[in-house]
Amino acid sequence: NNENLNRLALKIRSPLMFAHVRAAYPGMPVSEQNCHPFMFNNYLWMHNGVIAGFAKVRRRLAMMLSDEAFNAVPSLMNSDSAMAFAMFLNNLPDMDSELPSSTLLKAIEATIATICQVTAEAGIVSDSSLLNFVVSDGHAMIATRFVSKESDN
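Numbering (UniProt numbering), first residue to last: 1 to 153.
Keep in mind the hints are simulated off the structure, nothing from the lab. Quantities reported herein were computed from a predicted structural model and do not represent experimental measurements. Note that beta-carbon positions come from the ideal geometry of N, C-alpha and C, so glycine has one too. It is possible that part of the hints are untrue.
Across the chosen pairs, the derived CB separations fall in these ranges [unchecked claim]:
hint : residue 1 : residue 2 : range
1    : N132      : K106      : 14 to 22 Å
2    : E68       : K106      : 17 to 25 Å
3    : A9        : M39       : 37 to 45 Å
4    : Q117      : N48       : 28 to 36 Å
5    : L8        : P100      : 24 to 32 Å
6    : T144      : A62       : 16 to 24 Å
7    : M141      : N71       : 39 to 47 Å
8    : S14       : A113      : 26 to 34 Å
9    : A62       : M39       : 15 to 23 Å
DSSO-like cross-link-like pairs, simulated, lysine-lysine; straight-line CA separation at most 30 Å [claimed, not checked]:
hint : residue 1 : residue 2
10   : K11       : K56
11   : K56       : K149
12   : K106      : K149
Produce the complete structure using the sequences and hints provided.
Shown next, in the form of structure tokens:
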């Protein structure tokens, strides 16, 4: 949906490529603000899936965020993917520093654990959260494939 993509693709060279193609639901407006990958400082984030019962847990998740993480992702109240990114940033010991990939992995694991805990506490048991995330700091890339219900794996 980006008109500059063809022109830019001819010029950009990188040892690490990060892209996300997402299908929008019929009638869903496409906006730059909600398009992945999301970016903050040197971090890129994408999510394929859904936080089960997001409308029911959105406020609880937002209340767990520091002001810095809350303000880092402007569209977080509209998108479960943006909320998950803000939660990941919140789980970093320092959002502004370069961190080892092991620290990024711990932050993404903590993000998944928190989402599962909050949805369970909200009584969301019939739907699965599909938490397929990819995060990169420009050097390392970490990907997850996670389904919250054992029967859906």
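Query raised in the report: Which of the listed hints are not met by the structure?
Result: 3, 4, 7 and 10
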